[in-house]
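For the protein sequence lines, the chains are A and B, in the order given. Position 64 of the first sequence, counting from 1, maps to 60 under the working numbering, and the rest follow consecutively. Position 111 of the second sequence, counting from 1, maps to 357 under the working numbering, and the rest follow consecutively.
Treat the hints with care, since some could be wrong.
[Stated by the list, open to error] These stretches of chain B come out as covered by chain A in the derived footprint (C-beta under 8 Å, 3 or more residues): (1) 299 to 307; (2) 320 to 328; (3) 338 to 345; (4) 348 to 361.
Hints in this document: simulated from the structure, not taken from any laboratory. Using N, Cα and C, we set each Cβ at its ideal position, and we do this for glycine too.
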Amino acid sequence: MELIRLRLQNFRQFRDESIEFARGDKKNVTVVHGSNGAGKTTLLNAFTWLFYGEVSFDTRPDRLVNEGVIADASLEDKISVVVGLKFNHENKTYLAKRESTYQKQTDDDLDGVRVDHDVTLDRKSGANWSPVNNPQDMLTQIVPERLSELFFFDGEDIDNLAGIDNQDQIRKAIENIMGLTILERAVKHLGDAAKRFEKEAGDLGSDEYKQLIQDKNEIKEEAEELERKKVDKINAKDQLEREIDDIKMKLRSRPGTAELQREREELEEDLKEEKSEINQLTKELADIVGERGFASVAVPLIRETAEDLNELRKEGVIPSELSDSYLDDLLNAEMCLCGRSLSDDVEHREYRNIVEELKGDGVADGVEGSALRIIHDIDRFTEYQQSVSKNIETKMEERSKSRTNKEKLEEKISEVGRKLESEGESARELEDTLENKNDERDNKIREIQDIENKIKTKKSRIEDKKEEISKKEDERQETKLAKRRQEGAKRVQSTLENSFYQLKDTVRKMSNKRVNEKFGQIATKDLTAKINQDFELKITQTVGNDEVEVDKSTGERQIASLAFIGSLVSIARDRYEQDTDSDYFEGGIYPLVMDSPFGALDKSHRRQISKVIPTLANQVIVFATDSQWEGPVEQEMSRRAAQQYWLNFEPGDGSTTYPKTQLQAEKLTAGGD
Amino acid sequence: MSNSTRGDKPRNPRMGLVKKDIVTSLASSNANKDGNEDYVFSSYKDLVIFSAVLGYREDELTHEGFDNSSDDKINIKYSTFTTEQLHRSVLESLAFQHTGNPDTLVDRNYQMDVLEKYAAGGLQVLDRRLGDIPGDRTDALVNLIQSYADEEGVEHGEELQTILNAFNEDPRVDI
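Just chain B, same shape as in the assembly:
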């Protein structure tokens, strides 16, 4: 997973998101949400990122739901994710957390592989939690997000602040 193996693999790997009902009911490739369609996610990329962090949160991993050889799939390239810095950080963090190896922070192919696993797991969670009542989807997602935020609590917030303060105090030493 170092620079030496990188050259053998695509610089801009892509994933094949299979068009399952849970996928097509939550997101649309048409980024325009102003229409009549009640999509929560304005792009498939947004759905994948959300599912991945959800999969990590629920510790649910699988590869089901991604298949590059499928006829009915949505292709998403690595570069699509890295246009947003926070998305990129999610990709890198997932890869790192999955191995504990900091080299994965620069291994795009590995990051995509891990992203697929967690996203697929997250999609399974969504499938279970949202059921098949379209009207309640937004509320169900809202409740999910709020319940996680409540779990975080204040203590974590303080811990984070400590780390951040350490960076800010003296850049010469701590950055």
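Chain A extracted, bound-state conformation:
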């Protein structure tokens, strides 16, 4: 990122002021001169407000609106506070603008209430500007907020960086520059996930599963018990059947009785046959009636019609000639309607010729054809009538015989029955026993069927349970999965933790190297700056073969701190230029905005710092008081400074005039703080 121009409107004590930033290769420093309270920190805050909407002021932190403007405004007026920044980023020019609109609530209200707020980011494409979607996201992407403390740098912190017990700040800075905070958060989240999976695994208890298996086994036992009962019943049934056979045998073996039994069975067989014969004959009679009965009944109708038509023909109402087509049909069929053959052979040729000679009169087919057909059909109707009558007579006779047979058989059967009955008590007893045994056996068969149905039900219930168990087993698989996930999360967590420490150490080493280089460029010989494993920024001196930590002076500490900052800026730039595919931090080119980096140093240290500052970043903006600037700083930095501004501050009286700072490109008044 390269800063081009910053414009402030109604922002704190600035009414409408702008700064153009130095952008040269050599002359890359912009100096803003201003006494304490003139607005240097306000300028630094303008950057953070623009990028993140955040400010930190020591005095009246809630008052963003220019006091003079809000004091003069009426209650209806809307006052816009605007910070705009034009900058280059990745070969494109942008214009970022944050605008808040305030309205005062009472006449003496100098804070106002914010009624509207807007952030815009426009990108230049050719000669046109077009708005960027999600301007806030884009701005925080260009300068991540975690890096803002490093690049919008309050000089008062410089002393602290290399101070005692400030390894936290160093470590945080290192973590930030590499995006390692993201990694740290991931490590924490993985720990949470592991705990959640552990709970999940615990919830999927196994009590239900055990109960299901118990249920299934119980039903299985019940089914097995039923199977045993079934076998018992079958055995009982078989026993009964054997007994029944025995009784039958006994009955048959009795002289007389067996004979009668056999006779009765034979007679019953014959009766069955006779009955089916009668049925068959009746069926055949029905067929005769259904198929040809109509012809028999129709004979008078056809006869009368034939007679009438013949009469009409004689009277000439119906022509006696036949149509050609009708005669052709007869000749083709080689059969006259009277039944004589019309074959084209010696025997029939004479008759065929007679029929052929009938052709030629050209009488229309239709009424005549029908009439002739009906006359001819008499033959077939009478034929049918005769055959129907004959068939009916035959079938009726047969049926009558069968019926007589049937009656005789029935008589014989009842006679045999009577004889059997008179065969004495023992036989009847046996018959009774047989009957009872038969009943008993039938009962057993029903019981067996009953049991079989019960077994079927049990078996289907077992299948149901098995299905439920299999479902539970799936859940158990889920439990195992949850446990595996828990272990997995823990493993990843520890791996990431290791990577995190390794990465952090790598960055520490990188920083250490660069700090050492930078520090070496400016600091007194024999002194080295390093960031140790505890992330402490130390300055050491080589005495003989030993490295001894020296009691740092403020100046040396500040130099070491700046060297550290510079090292981070260059690490970010290197990563950006290396075009690495880092998931955490892609790097970037950042300007360094430093508020009062000189502190209260002596002249020699100020000179050294002035030498190093322009080398820290591509673009450096330095805020300084006149007293800090004068002398060695001015001598060292003037040639690198392309732009210089002076903050002209007027405090106002608070009732008619209000604090006001003007930015001037020329020094108007000479003077110290």
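For chain A, the structure is supplied; the task is to place chain B on it using the hints.
Quick look at chain B alone, frame taken from chain A:
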């Protein structure tokens, strides 16, 4: 009833035989009589023809029993009857006997109308004679047919033979 009126009426007229008990108990649309059903007639068409000749025989005419607009009816087309020549002769003879006009021999619509009238009359006769004892139906029909055959006697047979002989003697003149 000549060719000129024929075109205004359907070439293949159909009748709507209402499914009365006497109809459904004697015939089935299922031509297969091998099943358990004791139907006398293997098709509704056969029942209609039998009823019609019976109606003619008993001189009983009505239209009751046929209704083309009925929801519960069996449709029978003219062409269904004419597939059997003897059925066709019955249709034509009935129409002719009803009017004495030979033109009715070719008027299909009129033939169907007359067939309906006699068939409906015949169904009434059957209803009366057969009663409602299913077992005796075949025998009742058999007796009916046999009693008619007895009525015919020999004399009619001789008369018929005379007409037939007249046709056969000299086709040039008599056919």
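**Study point:** Check of the stretch 338 to 345 of chain B against chain A for coverage (Cβ-Cβ below 8 Å, three residues minimum)
**Key:** Satisfied; 5 residues make the cut.
Check your understanding: How does the coverage statement for the stretch 320 to 328 of chain B fare against chain A, requiring three or more residues with Cβ below 8 Å from a Cβ of that chain?
Key -> violated (count 0)
Practice item. Between the stretch 299 to 307 of chain B and chain A, see if three or more residues pass the 8 Å beta-carbon test, and mark the coverage as holds or violated. Key: Since three or more residues must qualify, the claim that chain A covers the stretch 299 to 307 of chain B holds, with 4 doing so at under 8 Å.
Exercise for review: Tell me if chain A covers the stretch 348 to 361 of chain B under the three-residue, 8 Å CB rule, please?
Suggested key: holds (count 4)
The structure shown violates just one earlier hint, number 2.
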